[in-house]
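*Asks:* Which chain is which? The protein sequence lines are G and X, in order.
In terms of this note's numbering, the first sequence opens at residue 19 and continues consecutively.
In terms of this note's numbering, the second sequence opens at residue 454 and continues consecutively.
There could be a bad hint or two in this list.
In silico SDA-like links for lysine to any residue, alpha-carbon gap of 20 Å or less [stated by the list, open to error]:
no.: 1; chain 1: X; residue 1: LYS780; chain 2: G; residue 2: VAL42
no.: 2; chain 1: X; residue 1: LYS602; chain 2: G; residue 2: ILE64
no.: 3; chain 1: X; residue 1: LYS593; chain 2: G; residue 2: ASN23
no.: 4; chain 1: X; residue 1: LYS787; chain 2: G; residue 2: LEU57
no.: 5; chain 1: G; residue 1: LYS56; chain 2: X; residue 2: LYS600
no.: 6; chain 1: G; residue 1: LYS233; chain 2: X; residue 2: LYS787
no.: 7; chain 1: X; residue 1: LYS762; chain 2: G; residue 2: VAL42
no.: 8; chain 1: X; residue 1: LYS787; chain 2: G; residue 2: VAL42
no.: 9; chain 1: G; residue 1: LYS240; chain 2: X; residue 2: LYS787
no.: 10; chain 1: G; residue 1: LYS54; chain 2: X; residue 2: GLY777
no.: 11; chain 1: X; residue 1: LYS762; chain 2: G; residue 2: ILE64
no.: 12; chain 1: G; residue 1: LYS240; chain 2: X; residue 2: TYR491
no.: 13; chain 1: G; residue 1: LYS54; chain 2: X; residue 2: TYR759
no.: 14; chain 1: X; residue 1: LYS780; chain 2: G; residue 2: ASN23
no.: 15; chain 1: G; residue 1: LYS54; chain 2: X; residue 2: MET731
no.: 16; chain 1: X; residue 1: LYS780; chain 2: G; residue 2: ARG132
no.: 17; chain 1: X; residue 1: LYS762; chain 2: G; residue 2: ASN53
no.: 18; chain 1: X; residue 1: LYS787; chain 2: G; residue 2: ASP60
no.: 19; chain 1: G; residue 1: LYS240; chain 2: X; residue 2: PRO493
no.: 20; chain 1: G; residue 1: LYS455; chain 2: X; residue 2: VAL808
no.: 21; chain 1: X; residue 1: LYS688; chain 2: G; residue 2: ASN23
no.: 22; chain 1: X; residue 1: LYS600; chain 2: G; residue 2: ASN23
no.: 23; chain 1: G; residue 1: LYS54; chain 2: X; residue 2: VAL808
no.: 24; chain 1: X; residue 1: LYS780; chain 2: G; residue 2: ASP244
no.: 25; chain 1: G; residue 1: LYS240; chain 2: X; residue 2: ASN492
no.: 26; chain 1: X; residue 1: LYS787; chain 2: G; residue 2: ASN23
No lab work stands behind these hints, which were simulated from the structure alone.
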Amino acid sequence: MALYNSNRGGIIQIIIGVIFVILVGQLISLQIISNKYKLAADNNAIFRKIIYPDRGIIYDRKKRALLENSISYDLVVIPNEAKGVDTTTLCDILKISKEEFSKRMIEVIIKNSRVKAGVFEPFLSPELYAQLTENLYRFPGFSLSERSIRNYPYNTAAHVLGYVAEVDVNFLQKHEDEGYEMGDYAGMTGLEKQYESILMGQRGVKRFLRDNKGKIQSAYEKGEFDTLAIAGKNLYTSIDVQVQQLAEKLLTNKVGSAVAINPKTGGVIAMASSPGYNPNLLTGSQRRKTIGRLLMDTARPIYNRAIKGQYPPGSTFKPLGALIALDEGLITPSYGYNCYGSYAACGDPRKCEHHNPGHAANLQLALANSCNSYFLQVFRMAIDNPKYHNAKTGYLKWKEYVNGFGLGRKLGIDLPSENKANIPDTAAYNKDFGNPKYWNSCYMLTLGIGQDRMTATPLQLANSMAFIANDGYYITPHFVDSIEEESEQESELMEKYRTKQKVTSIPNPYFKIIKEGMHDVTVYGTAAFIKVPGHEYCAKTGTAQNPHGKNHSLFVCFAPKDNPKIAVAVIVENAGYGATWAGPIAGLMMEQYLNDSLTAESKLKADNLEKVDLLPQAIKDWYVRNNKSAYLAPLEYNNDELSDVWDMEMISGETPIVTKPVDTLKKDTSIKSGAPALPPVKPKPNKDSALNIDNKQKKIVLKKGAVKKKASIKKKALIKSNVNHI
Amino acid sequence: MSTTSNQNNFSKGTDLAVILLYLLMVAIGILCIYMVEYNPNASWGTSFITAKTNYSKQFYFAIFCSFIGIFILLMDSKVFTALANVSYGAGILLMLATFVLGKNINGSKSWIPVAAGFNLQPAELCKIFTALVLAKFISKPETDFTKLKSHLTAGIMIALPAILSIMQHELGLALVYSAFIFAMYREGLPPAILIILLSFAILVIATLLLDPVLLAIILTVIAAIIIIVLIKRFKRNKNTILIVVAIWVVCSGTVRFAVPYIFNNVLECYQSTRIYSMVGKEYDCNMNEKSAVAAGSKKSRKPDDYNVKQSKIAIGSGGFWGRGFLKGTQTRGKYVPEQHTDFIFTSLGEAFGFVGTFTFLGLYLFFLFRLVRIAERQRSTFSRVYAYSVVGIFFFHIAVNISMTIGLFPVVGIPLPLISYGGSSLLTFTVLVFILLRLDADRQMVLR
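Using the sequences plus the hints, can you model the full thing?
*Replies:* Structure follows, in structure tokens:
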């Protein structure tokens, strides 16, 4: 009876076939097209345990460790296993509220899921660690996990060493294939960043199979894909920790920078930038508290002025200008210029500090006396050199020389984000003055004395001294002399720090004359009062005008005169004469390096220099307004200690008191009276008028400053009185 | 197996291909269970002999089932027609007995403890008996299967064990009884019933997916379009318009009342939640009548899509070539719950990838088509109806089980035939297949 239905067998087969096609279709989509399931499976079942190798250590030239690794502990928790926790006790120990406890718990779950361990409280203090280990049995699911952090036994060289920090999303995107993961640490600035790949070593990864309860079952594929951790390599630098510390100490309470280079190797002996910070403030639990304040600070303590700060070199450029003229054959060492206190050949007269005729009778004398007129004249001769057709060609030739000395271009030091500063291009002048046919050396006259648009970093200035010290070559400045167990590839990388950069072919005798001139500076010239016990040295002072207020104080030098071992450049912002502030700092640094110690007298000098407060008023005002104290390395800024700063006798006894030009003083006063609040510290000490304030009055001012919160109304009155005194 | 026998009528006419496929499937099943249970630290030899692991148990089940198979092949095929009604009655009685003797396993009281720690699930065996009694009923000379009365009688026969299964909280087993629609369709069930069922399924899915107001609008618009298109025919026959309106009313009623009623009153909360989660929606258990009663005894459990998610991950992570034998991380980490029973397909998918699953489905398809071919070559209606019942039961199990592991169907407890771990299930399918083989061997006979 059902025979007529026999075609229905075929229909049933079609139905079965269609359903199977649907099944296969879904299998294709799951197994072939989509790859998210594979990832999900790996996330599920493969537990990757990263074995962190020890980061490499950075040593100074005498193999003293500038930084070390130490162990810190994190409190970690696996949320799923945290049942029956004695919350009250835990909250008491950590000093958090119960709400905070549950908030953190939720954060951990969001970050790491319920079955993985997540950090509940990072970087435990030793006391917390002790308390927690004792009570850990009360907190199931919680454990203490080890982590290696940096510490800095000498509290120094923060800018040079840089810091390590947890990588962020941006970093991960930039370094996609380098094996970084969320939660990793990497060098963010300084040598830590520059040598990241060498310092970090190679992370090891162990893979385990994990079951659905998060328990480790066995090694994945018998450890076939596991990799071993290889410790990071150590770096041996040319830093001298004592010189470095001294430089930082001397720059305390000042804005500026000091760089010392070994001319023979190009190795940087010290590099300080002030204000700085104590590197220990950016490790472990300190970091969270500090980093925001450091970034916010108006004095920019994280900013490395030594390689990023751009300063007009001022008179420190003069030896280089002379070298160009000598090499071009424009002058001879006996060339003299009749200066009567100003240079008027370009119309508007330019002042010179000396009036007595004959102070620039020859090159050596001109250098020793730092005669502006002489070097303006020399610069003009170089630009209007008859050898070249016009001022533009002459300028380009001059620029070629200056670039050759390492100015106006990146030197290639082994630190990230070096600034090339500025030696202006002709394009800049074309823009200002039109066609080069119409401009001449008078238009950029002050380039000859390191002003105009010329800027240089302290590093470049120190390097230019190394160039002169070496009679015409330098080695690219660098910190790292050698890498532990250096591989061939790494040697190749370091090669540029081991080859001479000889970009000019100025004959040796010219250098001799320049050196003699610079030596005279230290014998009877502008730096005559600065001595390095036991050594003859060469130097050049500089007092650079700048648009930010008082002149910058600059000092460049190298020592000993014969066979130089150290070249130094020091800049103190808005401090006045080069010889007054930058000079003594450089002198002490040379003494420390060459003698490996300071004489008692020098020590006293150093201690007094440290106390001198040359911070610009605007910065001090900012601290008052924001109710903060400055971060200064290695010592913290302390208002109480500064009450002795007034005793200028110690320094002024030795240093000739320099009277400031009247116009700059006026400018200062105007800035100050515009400032809204009274500083907590006293006005600048290097003013004759300031010294007249009687001590009692000063103390009152100080105390009012200390209790500034309460006495805000009285402040205005005090400002007035203060201004009157100045 | 056929070589182990000397008897002439044993191997004669028996379909060797089906026997070989059967053995292959059982072997694959044991292998899959082995993959799930594999422990690199344990010696498999000792655990095999001591039968402490599921794969060794399954192996012994398989040997036992082989004997049952041989035994069935040695029987007279007339026995099956003779015993059809009796066995059905006994099966129903056994199912009723579970309400008294039943042992609670995994929340369903459908097991009767037998000797030595083994349990029997009468609902499983009832599939065989229902297949036999359906075949017996349709093959009776006095049955005219074009009549509605016959359809209803057959329907009651099928529905009785299904309803008992639902009462035992075995929805999966109950659903299997719908597989007899294949046999009934082949014997003369009007195609309209298939179409109506299909329409109903579409309506249910649409209700789940779409906003009720939007769905009502869509239904109305469709009805309006049909009326406009067929407007001339309505003028000739006034009844047609009534039919269209009636269908519209039924559809709207289904959407508005029937579907919510099913979800809120017929199904358990967890079942509704599973179905809702299939389309990526959440079901509010407060609307469920049954859960409102049992609100006090709320158990904490993993999210409802956990099984499906892990199962999809396991299969998907196999990729094209698979992770390799015993190398599946999802399987090794025991991420898929019930992997040795209902989710056994995942271990295969993870280890052997698309190549493995495709080949495996090919084997199944070949097996089903072979059964259809066997069904069509029967002279007696009894054998044919029985054969189509077997096809239906196998197909339903395969389709639903694999669909649920790859996320095409809500999770219901239906094992993969011949592969999933479980003595009852293996025994049922063995008996189903071997009775068919026995009947097929006598295909020239006309059985009544």
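*Asks:* Holds or violated: LYS787 (chain X) with ASN23 (chain G), Cα cutoff 20 Å?
*Replies:* violated, 48 Å
*Asks:* What's the verdict on LYS780 (chain X) and ASN23 (chain G), does the C-alpha distance respect the 20 Å limit or exceed it?
*Replies:* violated, 49 Å
*Asks:* Between LYS54 (chain G) and GLY777 (chain X), is the straight-line Cα distance small enough, at 20 Å or below?
*Replies:* Between LYS54 (chain G) and GLY777 (chain X) the Cα gap is close to 19 Å, so the pair holds against 20 Å.
*Asks:* Holds or violated: LYS240 (chain G) and ASN492 (chain X), Cα atoms, limit 20 Å.
*Replies:* The hint holds at about 14 Å.
*Asks:* With a cut-off of 20 Å on the C-alpha distance, tell me whether LYS54 (chain G) and MET731 (chain X) pass.
*Replies:* OK: LYS54 (chain G) and MET731 (chain X) at ~19 Å, within 20 Å.
*Asks:* Check whether the Cα positions of LYS233 (chain G) and LYS787 (chain X) lie no farther apart than 20 Å.
*Replies:* holds, 11 Å
*Asks:* Keeping to a limit of 20 Å between CA atoms, is the pair of LYS240 (chain G) and TYR491 (chain X) held or broken?
*Replies:* Distance ~15 Å between LYS240 (chain G) and TYR491 (chain X) Cα, so the pair holds.
*Asks:* For LYS787 (chain X) and ASP60 (chain G), compute the direct alpha-carbon distance and say whether it is at most 20 Å.
*Replies:* holds, 13 Å
*Asks:* Please verify whether LYS688 (chain X) and ASN23 (chain G) have alpha carbons no more than 20 Å apart.
*Replies:* Distance ~36 Å between LYS688 (chain X) and ASN23 (chain G) Cα, so the pair is violated.
*Asks:* Hinted pair, alpha-carbon criterion (20 Å max): LYS600 (chain X), ASN23 (chain G). Please report holds or violated.
*Replies:* holds, 15 Å
*Asks:* Take the C-alpha atoms of LYS240 (chain G) and LYS787 (chain X), compute the straight-line distance between them, and say whether it is at most 20 Å.
*Replies:* holds, 19 Å
*Asks:* Under the criterion that the straight-line Cα-Cα distance not exceed 20 Å, is the pair LYS56 (chain G), LYS600 (chain X) satisfied?
*Replies:* Roughly 54 Å separates the two Cα atoms, so the pair is violated.
Checked against the numbered hints given earlier, the structure breaks hints 1, 2, 5, 8, 14, 16, 20, 21 and 26 and satisfies all the rest.
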